[in-house]
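S.K.: In order, the protein sequences belong to chains S and P.
If you read the first sequence in the numbering used here, its first letter stands for residue 154, the second for the next number, and so on.
If you read the second sequence in the numbering used here, its first letter stands for residue 45, the second for the next number, and so on.
These aren't lab readings, by the way, just hints derived from the structure by calculation.
Check each hint, because a few of them may be wrong.
Unchecked claim - Between beta-carbon pairs, the in silico distance windows are:
{"#": "1", "chain 1": "S", "residue 1": "K327", "chain 2": "P", "residue 2": "A202", "range": "36 to 44 Å"}
{"#": "2", "chain 1": "P", "residue 1": "D148", "chain 2": "S", "residue 2": "H260", "range": "21 to 29 Å"}
{"#": "3", "chain 1": "P", "residue 1": "Q158", "chain 2": "S", "residue 2": "C215", "range": "27 to 35 Å"}
{"#": "4", "chain 1": "S", "residue 1": "D299", "chain 2": "P", "residue 2": "T216", "range": "37 to 45 Å"}
{"#": "5", "chain 1": "P", "residue 1": "V196", "chain 2": "S", "residue 2": "K327", "range": "18 to 26 Å"}
{"#": "6", "chain 1": "P", "residue 1": "N159", "chain 2": "S", "residue 2": "H260", "range": "26 to 34 Å"}
Here a beta-carbon is modelled for each residue, glycine too, at the ideal position from N, C-alpha and C.
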Amino acid sequence: MLAFSSRTLYSRAQFRDASTTPLLDRSTHMNDYKLDAIDRKILTLLQADAGIANIELAEQVCLSPSPCSRRVKHLEEQGYISRRVTLMDPNKAGLPVTVFIQVTLDHQVKRELDKFAKQVSEWPEVMECYLMTGDFDYLMRVVAPDLHAYQAFLDEKLTQLEGINHVKSSFSLKPICYKTELPLDHLR
Amino acid sequence: MTLEIKPLELGRSQLEEAVFRMKNQFVLDDFDRKILRTLQENADYSMADLGEKVGLSHTPCWRRIKRLEAEGIIKGKVTLLDPKKLDLSVTVYAYLIIKSHAEDSLNAFESAVQNVPEVVECYSTSGDKDYVLKVVVDSVEHYEKLLKRCLVHLPNVASVNSTFALKQVKYTTELPL
């Protein structure tokens with residue numbers, strides 16, 4: 154059954170190939186699609202600035218505007234591009250305090266881990282949270298307007314959770330770098 | 045205005061600087077916060093849609109955005125990519141201890157670390173470690189290479205302690221307002 158359906162897809166793909174542009178050829182091989190040098194350049198430029206005009210983007214990657222916008226659309230459809238967001242300056246937005254919190258739970262059973270993860274995801278102060286290897290279970294990065302607010306976060310939210318064994322905070326004295334740009338060199 | 049502030053700015057310590065910045069902070073009202081919340085979530089809104097969402101007409105909405113940009117509260121628009129699609133499945137938090145706390149040595153490290161594309165975040169921290177780095181790579185082997193060939197050779201690095209993320213619970217760029 155599976156073999157049959159994939160064959161159908163394939164033949165349909167071939168049909169589209171023969172009649173239309175080479176770009177469609179790429180979209181048919183959904184998972185095998187390899188990013189080429191131009192795609193990588195487009196992604197690099199868009200990661201740095203989502204507001205770049207298509208005409209300028211096209212110029213920078215040496216394409217004419219319509220194949221360029223077609224590529225961007227393709228990268229969106231394929232899920233490489235998640236979304237475009239606006240970044241704010243945390244200091245100027247009144248959130249100069251960044252804290253890394255290492256959390257250890259009483260029991261590392263799935264039910265407790267899931268409950269913790271679900272709750273943490275809902276707190277807006279938590280910018281990032283990872284389940285970690287090593288001496289503790291979770292590492293969180295939390296932003297706050299001041300130490301009072303951070304204290305309130307600990308007292309009223311984090312330590313109110315059941316099953317928390319140990320919390321260790323380490324304050325960021327200075328952000329050195331913060332990028333949303335992912336490295337793409339390994340795709341070469 | 046700038047002339048009055050200038051003499052004060054000379055020789056301020058980092059703490060004083062932070063206090064100064066907080067006191068002189070631009071005050072956001074409810075409309076600003078609504079605009080910022082919406083734009084943080086999605087930078088693609090047209091001015092018309094955005095205005096409708098926050099309950100402002102086109103021009104005042106546009107003027108507020110321009111002011112938020114001019115104040116530097118809005119840093120810019122970026123595109124977020126899906127790390128899974130790009131095979132970036134390994135996230136590592138590396139804790140660094142440095143050799144010397146002399147200002148020049150710190151600066152040398154801090155400017156060198158910015159140029160490592162795999163290091164997406166770096167903070168100097170209080171506690172027993174000096175810096176924490178967040179590194180994204182496609183495999184553990186790649187991380188091992190990066191560690192050996194690059195991270196331990198960054199200026200002033202004494203030791204690196206790596207912890208691996210098993211699962212991402214949350215990642216957002218949206219600051220709470």
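S.K.: Each hint needs a verdict: does it hold in this structure or not?
M.R.: Okay, the hints, checked on the actual structure:
1. K327/S x A202/P: 36 to 44 Å: Given about 19 Å between the Cβ atoms, the range is violated.
2. D148/P x H260/S: 21 to 29 Å: Violated, since D148/P and H260/S (Cβ atoms, about 48 Å apart) do not stay within the stated range.
3. Q158/P x C215/S: 27 to 35 Å: Given about 28 Å between the Cβ atoms, the range holds.
4. D299/S x T216/P: 37 to 45 Å: violated (21 Å)
5. V196/P x K327/S: 18 to 26 Å: Given range 18 to 26 Å: holds, Cβ gap about 22 Å.
6. N159/P x H260/S: 26 to 34 Å: At 43 Å between Cβs, range violated.
Of the hints listed earlier, those the structure fails to meet are numbers 1, 2, 4 and 6, in rising order.
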